Amino acid sequence: MVTSTTKILETRPTVAVCGVGYVGVHLVETFAKAFRVVAFDISEARCETLRRQFKGQANIHVTSDPSHMAGFDLCCISVPTLLLRDKTGIDASYVAKAVKTVSKYAKQGSTIVMESSVTVGMTRKYMGHLRQEGVFVGFSPERVDPGRTFPVCDEIPKIISGIDDESVRMVGAFYMEVFQTVVPVSTMETAEMCKLYENCFRMINIAYVNEISDECAKHGIDPHEMIDASATKPFGFMPFRPGLGVGGHCIPVNPWYLFTNNDLPLLQQATLASAERPARKARELFDEYQPKRVLVIGMAFKPGQSVISYSPQEMFVRELQNIGVEVFFYDPLVEQSQIPYCTKLSSADFQESFIEDEFDVVAVTMPQHKVDFTVLDGLYKTEVKWYCCPVTPAKIDEQVTASA
1 MVTSTTKILE
11 TRPTVAVCGV
21 GYVGVHLVET
31 FAKAFRVVAF
41 DISEARCETL
51 RRQFKGQANI
61 HVTSDPSHMA
71 GFDLCCISVP
81 TLLLRDKTGI
91 DASYVAKAVK
101 TVSKYAKQGS
111 TIVMESSVTV
121 GMTRKYMGHL
131 RQEGVFVGFS
141 PERVDPGRTF
151 PVCDEIPKII
161 SGIDDESVRM
171 VGAFYMEVFQ
181 TVVPVSTMET
191 AEMCKLYENC
201 FRMINIAYVN
211 EISDECAKHG
221 IDPHEMIDAS
231 ATKPFGFMPF
241 RPGLGVGGHC
251 IPVNPWYLFT
261 NNDLPLLQQA
271 TLASAERPAR
281 KARELFDEYQ
291 PKRVLVIGMA
301 FKPGQSVISY
311 SPQEMFVREL
321 QNIGVEVFFY
331 DPLVEQSQIP
341 YCTKLSSADF
351 QESFIEDEFD
361 VVAVTMPQHK
371 VDFTVLDGLY
381 KTEVKWYCCP
391 VTPAKIDEQV
401 TASA
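Residue numbers (the numbering used here): 1 to 404.
Be aware that one or more of the hints could be misleading.
[Said to hold, decoys possible] Here are the simulated lysine to aspartate or glutamate pairs, EDC-like style, with alpha carbons at most 16 Å apart: (1) K385 x D360; (2) K104 x E133; (3) K104 x D65.
Hints are computed from structural coordinates only; laboratory data are not their basis. Fair warning: this is a prediction, and the values are worked out from it, not measured in the lab.
With these hints in hand, go ahead and build the complete structure from the sequences.
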């Protein structure tokens, strides 16, 4: 069956987004610029939050009732794909349920696009049969980055794919209405691999810069000075910064998606090294200082964020506690309820005199926003251990400017 994209776009199409978490919200906001959008999420509590967020936007309908998606023209699936506990694969149950739900309310000529991160071949496995039922099928990897405000979502080039040429054409018709640059690739598997390759590229380079940073210390080399100097090369180099490891929903887990059906020993070594690094650094800190009480600054997985998913900082704290160290944390963006096993230092107590009296070591894991790092300049009894580039007044000004 051949469907006219021009005819569809002239009939005020409805776009459904199934799964409105961090990625789904961006899809809702982007497609709402040109279409009526039904934002479906199984959590009514989440829907209440979304209704407040989109209040006054008449073309966005938020619902926990899947029947409200009935007859959609395009549906983007953006549900979680979590790593299994034994890391032998990913939990595809959310994808399977979403496909079953969405297909129930599709019509002849509807287009369904997988936006969730998946293993190579998973879109075809779970959605391929829909093409025989008159539904167009595609995959488009999401590229939104937590904490990043520029470029905005619709300015980030969007890779698209389809199970056949007609599906690519239908996906493109919708996506070109709201994204400035659309990049079609030949197969859905190519698009799936693009997502994993992009993220695992970062895993390998972060593991490498961490390894180089450790070796720099043995030679008395400041790794940050070395990286800054290397970054003056105008070609063939991209700077990465050392730290405790990798965190967030994507970088630590995406390699395991690839490991399910690919042989990638280099990536496997980088992934294992990054996973082991936080605990190793905690043991090294204890061996060096033998501290009784440690204050850890920064608990989120990256600066400017409150999310602690797969945070290397959290792993670092747990290992110190396992050794027997009493640990406190200070992070203005992370709530005590997120880390109930470790006491949060109040902003009122984050001052030189209190820190000097209470802690043997301050471990700065990352340059978290809203932290006054000048407080650390006056410490003379308490050791300060930096696991990121030391934050100078100039860096603080730069951070404030970037946040604005």
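Results of checking the hints against the structure:
1. K385 x D360: 11 Å, holds
2. K104 x E133: 11 Å, holds
3. K104 x D65: 13 Å, holds
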